Amino acid sequence: MLAKRIIPCLDVKDGRTVKGINFEGLRDVGDAVALGSQYAREGADELVYLDISATREGRSTFTHLVTRIAEEIDIPFTVGGGISTLDDAARLLDAGADKVSINSAAIRNPNLIDEIASKYGSQFVVIAIDAKLIDGRWLATTHGGSRPTDKELFAWAHEAQERGAGELLFTSMNHDGTRQGYPCDTFARLAEHLRIPIIASGGAGSIDDIADVLTHGRADAALAASIFHYGEIPIPVLKQALSERGIAVRR
Amino acid sequence: MIAIVNYDTGNIRSVTNALARVGCTDWVYTDDKRLLTTADKVILPGVGEASTAMAKLAERGLDSLIPTLTQPVLGICVGTQLMCQSSEEGDVDCMGIFRTRVKKFICQQTTDNGQQSPSGCTHCTEPANKPLTVDRRPLTIEKVPHMGWNQITDLRTPLFNHIDEGAYIYYVHSYYPELCDDTIATSHYINAFSGALGRDNFFGTQFHPEKSGAIGAQILKNFLEL
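Sequences listed follow chains A and B, in order.
Quick note, the first sequence lines up with residues 1 to 251 if you use this note's numbering.
Quick note, the second sequence lines up with residues 1001 to 1226 if you use this note's numbering.
One chain only, chain A, in its complex shape (with noise of 0.2 Å):
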C-alpha cells in the first residue's frame, strides 16, 4: 500500500540551518547536511530544503549545499526559495535535487510552472501555495502572507496542475505557526478539486492533527518544521501513532 509521507522543512540561510534542534548526538545543528541526514535515518520519507537567503552569495551557496545534499541523502529531497527562472531550476537540478517548489514566482509569471515542467517533467515541480482566509475566501499569498493576491486556491491550484505541476504544497497562512491543526475540509476540498498529491503544511501541533489531515484531509502528505526541530514529536513515535491509528506509513 501506498504509504502517507512525513516529510520534515529545513530553513537553510546562507548555507545553514536556522531554526533550533536539539537532536542528541548531532555536534552541528546548523550543518543541513548532517541534520537531513539525521532526519533520513530516523524514518523521514522525503526532505524539504528552503533557502531563505536573501543574497546572491547566499543563493549561490545554497545551489553547493545541494550538491552535498544529494551526495548524503538516499531520500528524495525537494528545494525551493527564490526559484523564479528555468535556469534556476535547472542549475537544482544538475545539483542533483529531485524537486523543486515554486510559489511567488510562479504567482507573478505562471509560465514558469510550464517551462519547467514540459522541460524536466512534472514529477519534478511542486507549486507551493500560501494562501489566507479573507471575507471566506481562501486567497494565494505572497511575502509570507502579508500580501493576498487575486488567485483564488483552488482555481490557482487547479491552473497549476494544468499547467503541469506535480504536487500541491498548501500552507493555510491562517494555520501556521498556530499549532491548532490544519484546516482539513479546505484540505478535503482540494483534494476533491485535484488530481495530483498535496502535501499539507502549516499549523501541526500534535500527532492527532497529522492524523486529522492525513485521513478526513484527505492529504497524502504532511510537513512539518518545528515539531521535529525541536524534538517535541521524534518521527519514529509519530510514525508509530499513525500506524496505530490504522494510517500507512513506511515504517
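Keep in mind the hints are simulated off the structure, nothing from the lab.
This structure is a prediction, so every number in the text was calculated from the model and none was measured.
Just so you know, even glycine gets a beta-carbon here, dropped at the ideal spot from N, CA and C.
Be careful, since some hints might not be right.
Pairwise CB distance ranges (calculated) [claimed, not checked]:
no., chain 1, residue 1, chain 2, residue 2, range
1, A, Ser146, B, Glu1088, 42 to 50 Å
2, B, Thr1052, A, Ala34, 34 to 42 Å
3, A, Arg179, B, Thr1070, 54 to 62 Å
4, B, Asp1091, A, Thr149, 55 to 63 Å
5, B, Ala1058, A, Asn111, 32 to 40 Å
6, A, Pro234, B, Ala1192, 32 to 40 Å
7, B, Met1001, A, Ser206, 51 to 59 Å
8, A, Ser206, B, Thr1070, 55 to 63 Å
9, A, Ser243, B, Thr1070, 41 to 49 Å
10, A, Thr85, B, Asp1032, 29 to 37 Å
11, A, Ser146, B, Asp1032, 39 to 47 Å
Since the structure of chain A is provided, determine the placement of chain B on it from the hints.
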C-alpha cells in the same frame, strides 16, 4: 568497472551518488559498445518518455547490443521498461528481454464499501468547474503517477538478499510492467504489477533503488555483488 549506459536521457547524478554511498566509484558513463561489453556490470538508467528513450537507444545501436550482454545488467525505472517487450507509452516495441508488457495506470477511486468506480476516476473525467463540496466519506483515490513509498513482496533472486518481505521502496511512474514469469518483486497500486523483473543475467527495478534509503542501498549492493 560499472558501465552506465549513456543514451542522453539526462541526469545520472542520483545513480552515481548512490553507487558512491555503497562504496563504488569505479564507473564510466558511456555508449561505447566495447566498454559496455567488457564492463563487469551494466546499469541502464532511464528518465523521460519510453518511445523517445527507445529511439535514443536505437540511434546508438544499443537496442540490439544490450540483449546480447552476458554480465549482470540492471535497469532502473524507464530503463527497466525498455527491457520489456513493449510499452503503451508512445506505443513502442522495446528490447524484449523480460516477457512482459508495460501498461499505463488508470486512475482509480474506491468508496467506503470497497467499490471501484468502473470508468476510472472522476478526477480524470469530470469537468474542472464542478461544484465544490466536501464529501467526508472515507475514500481512497489512487492518483497517477504512482509516487511515493510502497511495498515489495514475493521477492526472488539474490537481488533481494537481506531484504524483508514488505520492505518499502520509492516509486515515481505512470506506466508499469505487468506481472509475468520474470517478476521477482510484486507491488500493488491500482493493480498488482512487477516492482522488479529478472531473467538470467538481466535485472530491472521499476522503483528507484538510488532514492530508497537503506533498502535501496542494500539492493544496489546486492547487484554489485552478483
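These are the hints, each one checked on the structure:
1. Ser146/A with Glu1088/B: 42 to 50 Å: holds, 48 Å
2. Thr1052/B with Ala34/A: 34 to 42 Å: holds, 39 Å
3. Arg179/A with Thr1070/B: 54 to 62 Å: With a Cβ separation near 60 Å, Arg179/A and Thr1070/B satisfy 54 to 62 Å, so the hint holds.
4. Asp1091/B with Thr149/A: 55 to 63 Å: violated, 42 Å
5. Ala1058/B with Asn111/A: 32 to 40 Å: With a Cβ separation near 34 Å, Ala1058/B and Asn111/A satisfy 32 to 40 Å, so the hint holds.
6. Pro234/A with Ala1192/B: 32 to 40 Å: holds, 34 Å
7. Met1001/B with Ser206/A: 51 to 59 Å: Given about 52 Å between the Cβ atoms, the range holds.
8. Ser206/A with Thr1070/B: 55 to 63 Å: holds, 57 Å
9. Ser243/A with Thr1070/B: 41 to 49 Å: 45 Å Cβ-Cβ, so the 41 to 49 Å window holds.
10. Thr85/A with Asp1032/B: 29 to 37 Å: holds, 36 Å
11. Ser146/A with Asp1032/B: 39 to 47 Å: violated, 57 Å
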